[in-house]
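Based on the provided sequences and hints, a complete structural model is requested.
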Amino acid sequence: MRVVVLGAGIIGAACARELALAGCAVTVVDRGRPAAGTTAHGEGNVLVSDKGPGPELELAKLSRELWPAVLDGDPDAAGVEWDAKGGIVVATTAAGARALTEFAGGQRKAGVAAEDLDAAALAAAEPHLTRDFTKAVHYPEDAQVQPAGAATALLAAAVRAGAVVRTGCEVLGAVRRGGRVTGVRTSGGTIGGDAFVNAAGPWSGRVAMRLGARLGVRPRRGEVLVSAPMPPTVFHKVYDADYVGAVGSGAGELQASAVVESTRAGTILLGSSRRRAGFDDRIRPEVLSVIAAKALRLFPSLAGVPVMRAYGGFRPFVADHLPVIGADPHLDGLWHATGHEGAGIGLSTGTAAVLRDLMLGRAPAIDATPFRADRPAAQSEGEAP
Amino acid sequence: MSRRVVVVGAGPAGLCAAAGALRAGAEVTLLDAAEDPGGQIRAWPGFERLRDHVLGHPRCGWWPETSVWSIERAGAGAPRVHVLRGEIDAAGRDRHVLRPDALVLAPGAHDRVLPFPGWELPGVSTGGAAQAFVKGEGLALGDRTLIAGSGPFLLPVAASLLEAGSRVQAVLEANPAATVARGWTRRPWELASQTGKAAELAGYAALLARHRVPYRTGRAVIEARGDGRVEEAVTARLRPDWSVVPGTEQVAAVDALCVTHGFSPRLELPVAAGCRLRAGAFADVDADQRTTAPAVYAAGEITGIAGAPAARTEGLLAGWIAGGGPPDAPEAVAVRRRRDRARAFAARLAAAHPIGAAWPGWLRPGTIVCRCEDTTYGTLRSTAADDSAHAVKLATRAGLGPCQARICGPAVAELLPAGNPHHRPVAQPIRLGELAKPPVENPGRKESAR
Numbered sequence: 000m001r002v003v004v005l006g007a008g009i010i011g012a013a014c015a016r017e018l019a020l021a022g023c024a025v026t027v028v029d030r031g032r033p034a035a036g037t038t039a040h041g042e043g044n045v046l047v048s049d050k051g052p053g054p055e056l057e058l059a060k061l062s063r064e065l066w067p068a069v070l071d072g073d074p075d076a077a078g079v080e081w082d083a084k085g086g087i088v089v090a091t092t093a094a095g096a097r098a099l100t101e102f103a104g105g106q107r108k109a110g111v112a113a114e115d116l117d118a119a120a121l122a123a124a125e126p127h128l129t130r131d132f133t134k135a136v137h138y139p140e141d142a143q144v145q146p147a148g149a150a151t152a153l154l155a156a157a158v159r160a161g162a163v164v165r166t167g168c169e170v171l172g173a174v175r176r177g178g179r180v181t182g183v184r185t186s187g188g189t190i191g192g193d194a195f196v197n198a199a200g201p202w203s204g205r206v207a208m209r210l211g212a213r214l215g216v217r218p219r220r221g222e223v224l225v226s227a228p229m230p231p232t233v234f235h236k237v238y239d240a241d242y243v244g245a246v247g248s249g250a251g252e253l254q255a256s257a258v259v260e261s262t263r264a265g266t267i268l269l270g271s272s273r274r275r276a277g278f279d280d281r282i283r284p285e286v287l288s289v290i291a292a293k294a295l296r297l298f299p300s301l302a303g304v305p306v307m308r309a310y311g312g313f314r315p316f317v318a319d320h321l322p323v324i325g326a327d328p329h330l331d332g333l334w335h336a337t338g339h340e341g342a343g344i345g346l347s348t349g350t351a352a353v354l355r356d357l358m359l360g361r362a363p364a365i366d367a368t369p370f371r372a373d374r375p376a377a378q379s380e381g382e383a384p
Numbered sequence: 000m001s002r003r004v005v006v007v008g009a010g011p012a013g014l015c016a017a018a019g020a021l022r023a024g025a026e027v028t029l030l031d032a033a034e035d036p037g038g039q040i041r042a043w044p045g046f047e048r049l050r051d052h053v054l055g056h057p058r059c060g061w062w063p064e065t066s067v068w069s070i071e072r073a074g075a076g077a078p079r080v081h082v083l084r085g086e087i088d089a090a091g092r093d094r095h096v097l098r099p100d101a102l103v104l105a106p107g108a109h110d111r112v113l114p115f116p117g118w119e120l121p122g123v124s125t126g127g128a129a130q131a132f133v134k135g136e137g138l139a140l141g142d143r144t145l146i147a148g149s150g151p152f153l154l155p156v157a158a159s160l161l162e163a164g165s166r167v168q169a170v171l172e173a174n175p176a177a178t179v180a181r182g183w184t185r186r187p188w189e190l191a192s193q194t195g196k197a198a199e200l201a202g203y204a205a206l207l208a209r210h211r212v213p214y215r216t217g218r219a220v221i222e223a224r225g226d227g228r229v230e231e232a233v234t235a236r237l238r239p240d241w242s243v244v245p246g247t248e249q250v251a252a253v254d255a256l257c258v259t260h261g262f263s264p265r266l267e268l269p270v271a272a273g274c275r276l277r278a279g280a281f282a283d284v285d286a287d288q289r290t291t292a293p294a295v296y297a298a299g300e301i302t303g304i305a306g307a308p309a310a311r312t313e314g315l316l317a318g319w320i321a322g323g324g325p326p327d328a329p330e331a332v333a334v335r336r337r338r339d340r341a342r343a344f345a346a347r348l349a350a351a352h353p354i355g356a357a358w359p360g361w362l363r364p365g366t367i368v369c370r371c372e373d374t375t376y377g378t379l380r381s382t383a384a385d386d387s388a389h390a391v392k393l394a395t396r397a398g399l400g401p402c403q404a405r406i407c408g409p410a411v412a413e414l415l416p417a418g419n420p421h422h423r424p425v426a427q428p429i430r431l432g433e434l435a436k437p438p439v440e441n442p443g444r445k446e447s448a449r
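Just so you know, the protein sequences line up as chains A and B, in that order. Numbering that gives the first Met the number 0 numbers the first residue of the first sequence as 0 and each following residue consecutively. Numbering that gives the first Met the number 0 numbers the first residue of the second sequence as 0 and each following residue consecutively.
What the hints contain is simulated information worked out from the structure, not anything from laboratory work. From the three backbone atoms N, C-alpha and C, an ideal C-beta is built for every residue, glycine too. There could be a bad hint or two in this list.
[Claimed, not checked] If you anchor each label on the Cβ, the simulated ranges turn out as follows:
1. B/Ala280 x A/Asp131: 49 to 57 Å
2. B/Arg48 x A/Glu80: 53 to 61 Å
3. B/Asp327 x A/Pro305: 46 to 54 Å
4. A/Glu114 x B/Cys402: 36 to 44 Å
5. A/Ala276 x B/Ala251: 57 to 65 Å
6. A/Gly303 x B/Leu138: 28 to 36 Å
[Claimed, not checked] For the chain A half of the interface with chain B, some residues (derived, Cβ under 7 Å), not all of them:
7. Leu61
8. Leu65
9. Gly95
10. Ser288
11. Arg374
Spelled out as structure tokens, the structure:
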């Protein structure tokens with residue numbers, strides 16, 4: 000089977016790798032460079048902690064299980080900077096503590112390791128964290144990767160398995176034969192195939208429209224601050240309990256919650272914000288200010304740390320907060336693997352395994368029906384082209 | 000109500016922009032990161048009179064020690080200017096947001112240095128840093144100082160060092176004599192209008208001669224060596240493209256080395272404001288110094304490295320137009336003419352001191368290119384050469400350290416073309432505590448600290 004993957008971000012790279020290893024002749028097409036869009040503008044979260052029981056958690060657990068196997072023996076594994084550092088979620092109010100207690104309880108029942116931390120254990124785990132907290136839960140399964148490095152490694156593995164990467168090719172339209180897509184017209188020429196995987200992240204609504212299909216994926220903007228390099232100060236991925244609420248919300252106005260972690264390079268990443276602003280890529284100073292204020296509530300001692308830069312990115316947002324993995328309901332030959340919002344790095348390995356099984360007519364390791372492309376949220380109006 | 004003009008930078012261009020906007024009747028806020036106006040070179044003719052006129056003007060607010068950390072584009076109007084006020088080392092500078100009707104950007108330039116093996120050694124500095132050191136501390140830099148690089152700026156650097164008592168062994172201009180001479184002697188009538196500048200350069204030449212400091216062309220420092228500090232400089236003869244002529248290497252014992260290859264314009268503010276760049280190198284402006292961003296004007300080195308005389312005329316014109324002055328006023332016409340002459344002179348200097356394309360030939364795989372992140376030339380080259388899936392430019396961290404590519408950016412961009420090296424949404428480091436506080440509401444229109 001000849002498969003053309005549209006998009007060379009983390010999702011496209013992971014899908015290309017699985018499909019090429021399964022024996023497909025894979026071509027990966029991107030309008031820019033690999034891993035240059037949403038993938039390059041995230042934090043590299045591989046999280047189970049922020050997901051309540053349900054289909055996304057099942058996908059997260061599958062992905063978390065697959066990551067070490069995917070990286071095992073990979074010659075580019077060092078650049079992935081896999082770090083199973085664990086996450087700590089902290090509540091600072093009584094209401095936050097109640098919500099976090101209930102949330103963690105549900106997760107435990109679904110098989111997630113979630114350990115309550117008392118004051119002494121929290122101070123030992125994160126000495127610079129505020130002592131003014133009401134509840135803290137440790138999630139040892141949470142991990143982090145360097146997202147561009149991870150996507151590069153997955154893509155390189157796909158290339159070793161025979162995949163071809165074509166950069167600088169923007170998708171313009173579809174070539175159809177008998178109600179079936181048999182090729183994509185791109186700025187770099189027409190590319191034929193038996194199946195096409197839409198892995199264009201926030202732009203996948205646009206790509207679907209150009210191919211004559213419809214997909215309810217819209218951009219949602221997020222911003223992250225980067226500190227100057229520091230001696231080790233933050234040892235886990237630490238976030239406030241509000242983060243769970245912000246991820247689950249679909250409101251268009253600004254939402255921010257503190258997510259604080261350090262990187263191998265010594266910088267501290269401080270996130271994160273979520274707001275719907277179309278593809279407007281301007282950084283808003285007041286958004287950065289809100290992120291800083293929230294981060295200082297968790298780590299008051301970081302007040303003197305200089306912020307060196309800020310970056311923002313677009314995340315692929317679907318109204319019901321579930322990714323879209325599966326066949327297009329109206330256009331034969333078109334498949335979707337998109338809509339992961341801010342969780343795509345972590346969910347890429349599981350998504351690719353599920354998509355591969357669906358495309359090859361095998362039974363996926365988890366129930367894939369909640370991710371179907373014909374559900375109402377996935378079929379709502381996407382962004383204008 | 001008169002127009003509110005914010006001028007960023009109080010060097011020759013910014014100070015003149017403030018004067019131009021004041022003359023047009025505008026309310027001006029002039030800000031600069033330094034304590035005093037004047038920029039890097041305060042010795043230009045008429046500086047003190049202009050400074051007193053602008054800073055003492057009832058419609059001018061002077062904000063020293065103020066840095067712009069972000070420029071926020073706001074639709075069709077002028078962008079909002081987010082600044083920090085207070086000593087850079089003081090804890091808790093205040094955040095302010097300025098909402099002007101027009102913005103004049105005159106942030107200037109900083110020294111450009113091309114990397115070479117050993118350039119990270121202590122004792123190796125840029126010409127500008129050396130000049131600032133001897134002027135600020137009043138101390139000699141070294142007993143055996145070598146000045147190298149390219150451009151007319153090597154001469155005032157040498158003069159400053161000599162005046163402070165340093166012993167300068169030689170001044171090495173990388174371009175061969177033919178290139179320098181061709182740039183200087185072409186269209187001699189243009190020189191006539193810039194006699195001041197030409198005389199200044201002649202003065203430096205006389206100073207070098209008096210101190211018996213040789214000025215040698217076609218020679219460069221291609222390596223610095225030393226144990227923990229620079230002890231030797233390897234120099235070599237260069238061809239016009241700056242490739243090394245084999246066998247011409249010489250080793251000189253030095254205790255200080257100043258290297259400068261012209262200037263890099265500070266482009267993060269124009270880029271943040273949405274201004275289009277010309278050839279990726281300078282802010283693109285029209286005949287009235289207007290950029291492509293709404294109500295944003297640019298003056299001085301960010302529109303082209305042309306020195307203080309051109310910067311002053313550009314500033315005057317930018318300020319006048321930004322302040323609402325009619326473009327066809329006789330004084331504007333005269334300023335435009337003077338600006339064009341100054342720019343022509345600058346183009347001549349640029350032609351006399353180009354950067355040779357073969358400079359990366361000095362580098363070795365282990366040569367550090369990005370000093371903050373210790374990224375070597377070898378790493379950059381293997382990243383650039385690999386156009387398969389590995390060709391993710393983020394694979395190197397070059398330019399991501401504390402200087403945010405201000406030093407290595409132009410060199411990295413030449414070795415590894417990718418993206419816009421001037422894209423810096425956080426234009427100046429800002430502490431988390433400063434950022435977390437809400438901005439101080441605008442303290443009235445007129446506030447001067449002098």
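Hint check results:
Between B/Ala280 and A/Asp131 the CB atoms are about 51 Å apart, so this pair conforms to the stated range of 49 to 57 Å. One distance hint, 53 to 61 Å for the beta-carbon pair B/Arg48 and A/Glu80, holds here, with the actual separation near 58 Å. Taken as a hint, the range 46 to 54 Å holds for the pair B/Asp327 and A/Pro305, whose Cβ atoms sit roughly 47 Å apart. Checked against the hint of 36 to 44 Å, the C-beta distance between A/Glu114 and B/Cys402 comes to roughly 42 Å, which is consistent with it.
The hint said 57 to 65 Å for the Cβ distance between A/Ala276 and B/Ala251, and at roughly 58 Å that hint holds. Range check, A/Gly303 to B/Leu138: about 31 Å between beta-carbon atoms, so the 28 to 36 Å window is met. Violation of the interface hint for A/Leu61 is found here, the shortest Cβ-Cβ separation to chain B being roughly 25 Å, above the 7 Å cut-off. Contact between A/Leu65 and chain B, as hinted, is not supported at the beta carbon level, the nearest pair being about 20 Å apart and thus beyond 7 Å.
At a threshold of 7 Å, the smallest CB-CB gap from A/Gly95 to chain B is about 20 Å, leaving the interface hint violated. Hint status for A/Ser288: holds, given a least beta-carbon distance of 5 Å to chain B, under 7 Å. Evaluation of the A/Arg374 hint against chain B yields a violated restraint, the C-beta minimum of about 33 Å exceeding 7 Å.
The structure is inconsistent with the numbered hints 7, 8, 9, 11, although it conforms to all the rest.
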